[in-house]
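Construct all of the structure, not just a fragment, from the sequences and the given hints.
The listed protein sequences derive, respectively, from chains A and B. Reading the first sequence from the start, the letters are residues 6 to 333 in our numbering. Reading the second sequence from the start, the letters are residues 6 to 256 in our numbering.
None of these hints come from the bench; they were simulated from the model. You may find that some hints are simply not true.
[As the list claims (entries may be wrong)] Each computed SDA-like pair below joins lysine to any residue, with the alpha-carbon atoms no more than 25 Å apart: (1) 110(B) x 76(B); (2) 110(B) x 212(A); (3) 327(A) x 90(B); (4) 327(A) x 141(B); (5) 327(A) x 137(B); (6) 327(A) x 86(A); (7) 327(A) x 133(B); (8) 327(A) x 143(B); (9) 110(B) x 229(A); (10) 110(B) x 206(A); (11) 110(B) x 207(A); (12) 110(B) x 273(A); (13) 110(B) x 222(A); (14) 110(B) x 210(A); (15) 110(B) x 271(A); (16) 110(B) x 223(A); (17) 327(A) x 148(A); (18) 327(A) x 139(B); (19) 110(B) x 234(A); (20) 110(B) x 209(A); (21) 110(B) x 8(A); (22) 327(A) x 92(B); (23) 110(B) x 156(A); (24) 327(A) x 140(B); (25) 327(A) x 10(A); (26) 327(A) x 86(B); (27) 110(B) x 277(A); (28) 327(A) x 95(B); (29) 110(B) x 84(A); (30) 110(B) x 10(A).
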Amino acid sequence: MTRALALVLVALIVALFALSLLIGPAGLSPATSLAALIRGEGLAETLVMREIRLPRAILAAIIGAALGLAGAAMQGYLRNPLAEPGLLGVSGSAALGAVIALQTGFAAQFALGLPFAALIGAVLAVGLIIALAGPRGGALTLILAGIAVSALAGAFTALVLNLSPNPFAASEIMFWMMGSLADRSMTHVWLAAPFIVLGAVVLLAQGRAFDALTLGEDSAASLGVNLSRLRLMLVLAVASMVGAATAVAGAVGFVGLVVPHILRPFVRARPSSLLWASALGGAVLVLAADIAVRVVLPDRDLKLGVLTAIVGAPLFLHLVFKTRGQAL
Amino acid sequence: MTEFALTDFAVARGPCDVLRDINLTVGAGEFVGLLGPNGAGKTTLMRAALGMMPHRGHSALAALSARDRARHVAWLPQAREIGWPVSVADLVTLGRLPHLARGQKPGDADRAAIEAALARMGLDGFRTRIATQLSGGEQARVLIARALAQDTPLLMADEPAAGLDPAHQLGLMDTLAAEATRGRSVIASLHDLGLAARYCTRLVVLWQGGIAADGPPQDVLTPDLLARVFQIRAHVQQTEDGPICQPLGVV
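This is the structure we're talking about:
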């Protein structure tokens, strides 16, 4: 069954990726699009395909994969279906970095000013979390450290908004925080991809440890899992992936929460299988959502993060409802 | 080889020692019942011996690498945690993790160990059941099967009998005693003196940070020790079913 799931998800990714390349305000025919993308026919068309649509589709796929995988890893580590990548406070801190860059004008200084500032925010958050949670602490101290860092980042973001000089600056910040993949270039892909690939390689290698954690921390340790090392790997990998994703796309919520939840029954609830399944599923969800924002309201610049929240929140409610049913 | 050996072993929590001057060796074929009132340090002794807590002195298990240790001892903590709705078969398979290289799928030897563990815990019909949907007693048996599937020379369990009905308590003790007869060493902390007297080959009583008594059940469960350590009086008798210990009242 897991092989069938993998095939279905990969087929969906390929189909949605192709669809994503063929949709856009330029209104190119599929034949023209593909000719421009592959053979470079037509100057304007080639520019549209290679510099606008291709990076957008690639970013949707890798950011979705990053969020799905990070969500599955967080849930596996904490053995809690309500855990999500934002719990570590890394996305909040990356957003804070970006907001400061927008506010100070650093973002306008050079092309990658904003994502760099966001990455610096993410790195600082990781340092703070590791310092707060200590080398030997368990899962609980990690959550508390994450909540503290999240709250701090949220407070400073509010402060920056509060002090913004004019409504235009504030609205620019607000719109950035909603999350979007519009107008991203290949430079953004090259910036985010290394962090995401690195984090994914690290997390996918921890499958056994997440499986063993099904039995709790003590049993996992007795099965040979080094919990301190696992926790450090988790924090670094999740931060690397989520920090990079937030840096180039803003805050895209609910993907890391909802995707593992939907896919869990299809992998017999085994945390190791859920890792790769959620990476593929996340890519599917974000590719689909990014197509939807272009199709549903093409003239209004609907933000990706808004759409994932609108779709994700009801799914989250469903999760709460189901959990309540089990408790009875 | 002796798996469990503590020499001049001590564990501190904050400034004071919870355990000190512990010298304890458990050989193959022994079923050791670890007794003591609440807070005597039974769990602490086992976890520290496994290297999960800072300690002084020498523990043979703590000296091993994590991977070697996982092949020498199976540990069954008191908290019966099953984090995800996995099937019984998948859960018991987790016991084989220490025997598999990274990315290696369970082979014939692993499947044989899993089947044997399921059979010994009477779980043959439970393979595809979802572990989190089972009753507490059934979950306990599944987790014990996981530890048996690990197929280690030493099995350590923290209050494995707690929360089981009488039939399953007796069944569990039968299983653990049978494992000892097969040549494994078994160490289990127990609160039920009756079960301990009846099934264990050796009892170790922890009290005030040290070992108050160590020996065969009939030698350990004296009226004096029961009054001093447990503050109870009990009826202790040798029968053809083995020693019987029935607590009668508080001293």
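Discussion item. I'd like to know which numbered hints this structure contradicts. Please list them from smallest to largest.
Written reply: Structure breaks hint 23 only.
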